[in-house]
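Take the given structure of chain G and dock chain B to it, following the hints.
Protein chains: 2
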Amino acid sequence: MKSTTTILAILLFIMISFASCINQSEDGGTITFGTEIQQDATAAVLARMMKAKDEAISEIKFEKGTYHFYPDKGLEEFCHISNHCDVMIRTAFPIRDFKKLTIDGQGSKFIFHGIMIPFLIDHSKNITVKNLSIDWYEPFHSEGLIIANDEVKKTFDMKISEEYPYEIRNGQIYFIKEYYEHNLGQTILYDPARKAITFNTEKYTNLTTVKKAKVRRNLDRIHYKYEVDFRGPEYKKLGREDRLFVEELKPGVVRIHNHGKKLPQVGMILSAKGEQGFNRVAPAFRLTHTYGFNANNVTVHHAGGMGLIAENSADLVLDGFNVTPSNGRMVSTTADATHFVGCRGKVILRNCTLTNQLDDASNIHGTYQKIVDVLDDYRIGVRMGHSQQQGFVVGIPNDTLGLVRLSKSFQPYHNLTIKSIQYINGRYQIITLNEKLPKTVKEGDLVENLSAYPELLVENCNISNNRARGLLLSTPKKSIIRNNYFSTEMEAILIPVESGHWYESGNGSNIIITDNVFQDCNHSGLNRGIIRFETDDDNENIAFHNIEITNNKINQFDNWILEITNTEKLLFKGNTITNSGTFPKLFPENPAITIKASKDIVFEGNKYSGDAKKILVADKSLPNLIFN
Amino acid sequence: MKSTTTILAILLFIMISFASCINQSEDGGTITFGTEIQQDATAAVLARMMKAKDEAISEIKFEKGTYHFYPDKGLEEFCHISNHCDVMIRTAFPIRDFKKLTIDGQGSKFIFHGIMIPFLIDHSKNITVKNLSIDWYEPFHSEGLIIANDEVKKTFDMKISEEYPYEIRNGQIYFIKEYYEHNLGQTILYDPARKAITFNTEKYTNLTTVKKAKVRRNLDRIHYKYEVDFRGPEYKKLGREDRLFVEELKPGVVRIHNHGKKLPQVGMILSAKGEQGFNRVAPAFRLTHTYGFNANNVTVHHAGGMGLIAENSADLVLDGFNVTPSNGRMVSTTADATHFVGCRGKVILRNCTLTNQLDDASNIHGTYQKIVDVLDDYRIGVRMGHSQQQGFVVGIPNDTLGLVRLSKSFQPYHNLTIKSIQYINGRYQIITLNEKLPKTVKEGDLVENLSAYPELLVENCNISNNRARGLLLSTPKKSIIRNNYFSTEMEAILIPVESGHWYESGNGSNIIITDNVFQDCNHSGLNRGIIRFETDDDNENIAFHNIEITNNKINQFDNWILEITNTEKLLFKGNTITNSGTFPKLFPENPAITIKASKDIVFEGNKYSGDAKKILVADKSLPNLIFN
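Chains as they are written, first to last, in the numbering used here: chain G, 2 to 629; chain B, 2 to 629.
No lab work stands behind these hints: they were computed from the structure. Errors might be hidden in some of the hints.
For identical chains, the list gives no copy identity; a pair is met inside one copy or between any two copies.
25 Å max Cα-Cα, derived PhoX-like pairs, lysine-lysine [unchecked claim]:
hint : residue 1 : residue 2
1    : LYS52     : LYS420
2    : LYS420    : LYS440
3    : LYS178    : LYS237
4    : LYS238    : LYS212
5    : LYS263    : LYS196
6    : LYS347    : LYS126
7    : LYS204    : LYS262
8    : LYS420    : LYS131
9    : LYS213    : LYS238
10   : LYS262    : LYS160
11   : LYS226    : LYS65
In isolation and in its complexed conformation, chain G is listed as follows (with noise of 0.2 Å):
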């Protein structure tokens, strides 16, 4: 036995002595990083990336294992991210101006700390991550059992396990991290059985955390010269003060009052992830201006904040890009798995497992930005219309810009190509145009870039479990949405025009969506279709083109499917629709499909065995319209 033992000791000492060998070996271009540094990563690996101007570098190695990051010593950005906050991060892998890089993680495990940003891509070409999972060790949201409620005194409790350190201040709770705290804010249940979002959770949940202020005094004395964005982070407070009110109970289990919707059910999760406006601070991946990107076999266990947010990038192909929970959390990311703004090219998301976030698979859209300022003849002045586009760059030189005004067409009235774009700050840019304005240009209208709107290809992917919607399609090149399973708890897929609150612009067009499985998508209680056309103004003109939506397995609890509206030339066939039966129906009186303000809408061949009354309900824009 003794002389085994001192066999294995001296393997272990070779082992190790093998290891420390590896450290930062280099090898034409190619870093191979050893365990060694994996208490904290940050400092080697950064001071690396930090010389790569000077000693190029085209493949980094991880020796397979699990390396921690910690902020302390990473490198500091101040990033205006779209739909996340405007924050400092930190981080170890600052690719910037990189030709070609590829990470290859060899299986480890990357577990990151605070406020970072596990890969910041700017200005890059070409670059590969794969082989390896990101996740923080301890995350931007907290999670707590339910375990009473009384219906009398509008009470539930919760248990909170040693994982989750909190404090009560001034009656509130408040989550403690290591670099980071928060509050209730946005919350939503889980149904640990099924590990995905509550039943009707929209009855339940989000908490109303908040009500409004009583005593307000002179407030409207103060002038504003400007549009004033109030939903805002830095207006978020204004006049409004708590509702809920929190006590301990015992170390551990805290009682909840006032809450002002249904009571949360006693076996459900209660997961809570701090106010809007501050609680998207460290996605995993940001793409910026990066031409050739590369996803595979990464999986993002948790972020704070989006798995990856791609700005003003090209050709980007995720393929066993996944977001999924670990260590028994209900949640894996706190805001979406993907999400693609003023992206061109290609975006492509095959064999994706994107489950458990708590916002949507996948949002793919431009930005409109007001005109506030015709400041002459080539040149205006626009300001991002949501706080969360705050130093969104809506384009680069040569790109065909389309004047918008959507009271009068979904369409651009007029198109202009960039010049160029000075950036003043966060919400205002100037943007010098190649050609003259044209006279009819006045303030309040829009611009969206029509150049940049990427073809998406969405394939053999599982879309479920999570928050909010599947796919938010706002490109109107091609896209395809092939052969994908979604259970989502809002619409499976969703195709809007939005220019009212978060400015996301694109009308979706040619998309064809076959062979897919709907199961049970839309069950948060939304009164809505699960494929969903959708225009935010109120009017009759076409929006959506050329949709086709072929030989999917629809099998959903309750009636409605498919809502169309704005829509030109759309063909539903080979559909297969069923009743689950595994919720209760929420909205039974409903029709299947709903049709309105749309031409050219052709039904073949489909099976509906559901039970709606009726199947098909179009207004007097298709008056002779029948579901076949």
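Structure of chain B alone, referenced to chain G:
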């Protein structure tokens, strides 16, 4: 009459036409802006500033008028500002890489709105700003009149005028501005009869706004791998909850409950500026890496921070640079009037009126940075100790860096020179040295830049009615403090060595304090001398050298005048000390002069006509010293 009206109208028309001609006239590098831009001058001024690289500017003049500057179209920049918050600001004057520029207001008033820095001056030479005043339309603090108090119920009532809109949320009062809001936070009382800080205010304020949170669970499970600054803003709320409770009695009158100190007296004015760590967001002048700066005939009526903060700059002459409140306000700037960090060459304050600011009139120092990593023979990783030093770069190539171990000596134990500094993040930088590090260096030692201390002249200034100190002197180069008037709430002149909290480096030496008047300083209630030497490292080593205090008139209500510690070679000569009788004595048992751990202290030809029971008390270091 009618023809007179017509003539006047024509004249007015001509004047307006003439005025609009003036708009941005250019003459050989001199730009003149006319008053047509006064409603919001930001866009026009910024547009011209942003062209300055291609079309050089040597002088910018403003036709005399009142110019508003809004942030909406101002250039944004994220700033780490020493002794301020780290903050995204906007500016109309990004003065970067200028070789020579004069800005002449010609008597104009500049009124700013929101989180702006009026003059953001970086890496420039020979900049002059003259003949203008700076104010904010809505201040970053608020003021209320105490109208009642109740000793039994421990409440006091405050009247808030219409110019300070407010709301009450969760029992706390928030003062709402156009682009900003603040709660009570840091507060102090002003006596409107004296338009100065209330006598003995330490007994009354700060208001005791917070108490410890009672419910805290599992926080001991949080593992902090690296040093944490729990005083930093990100941890500021941890473990604390509100102690005060605010109710509105009627519009404009609020009652504040539960204050723990003495209740503010009726007739006093309470100024409130919000939470420490969050309330210094908009200094009037910010200079970095600027060599040659003149301010002449400039008045700063307000700033949400300091009047002027200069870092890593040289040869700064403030002549007729005044900080005084406007519009009947008690408060001018919400922080120091002026502040100089790591500056060199000469710093001159001459003919300045620095009054009613909420912190010191001036503070001149370097920074200590803590060695946290000895990376190799030539490189150290340093940590910024105070959150408001984040981002501060300690020096430039070839500056002499001292290695300091304060427990051993106030002087460096070894000198080296800087080769380069790699900026990693606000808290962490890597310094490469030209010479090998000594073997004795260890983590925990400090560095200070011995090349980055200025010579100082403060002459013919009125320093009074402010919170806190007059001058903090931490430059070992020559300082002359001559012919000034001091009437400050804390020490008139403080000469410190301070490493534990503020990390402000430098041992004041070679100082001449002559021909000044000290009138009733240190009336805050703190038990200190009005000229005070002080180290926070409790040892008997010498910190301060070669001081002359001569021919000053000290007319003081209380006893303690001079507090000497750790000093070598000090001459106190020809000074006249009288008792003013202005306020009752707070510490009648004190002597006039105390001496600890010092050498070579000489008193000569002074006149003492105060009534302290003992004039001089020295410790064992100078057992035989006599006052003369």
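Hints versus structure:
no. : hint            : result
1   : LYS52 x LYS420  : between (34 Å within a copy, 17 Å between copies)
2   : LYS420 x LYS440 : within (19 Å within a copy, 59 Å between copies)
3   : LYS178 x LYS237 : both (23 Å within a copy, 14 Å between copies)
4   : LYS238 x LYS212 : both (11 Å within a copy, 22 Å between copies)
5   : LYS263 x LYS196 : within (21 Å within a copy, 57 Å between copies)
6   : LYS347 x LYS126 : within (14 Å within a copy, 50 Å between copies)
7   : LYS204 x LYS262 : within (6 Å within a copy, 48 Å between copies)
8   : LYS420 x LYS131 : neither (38 Å within a copy, 38 Å between copies)
9   : LYS213 x LYS238 : both (10 Å within a copy, 23 Å between copies)
10  : LYS262 x LYS160 : within (20 Å within a copy, 39 Å between copies)
11  : LYS226 x LYS65  : between (58 Å within a copy, 23 Å between copies)
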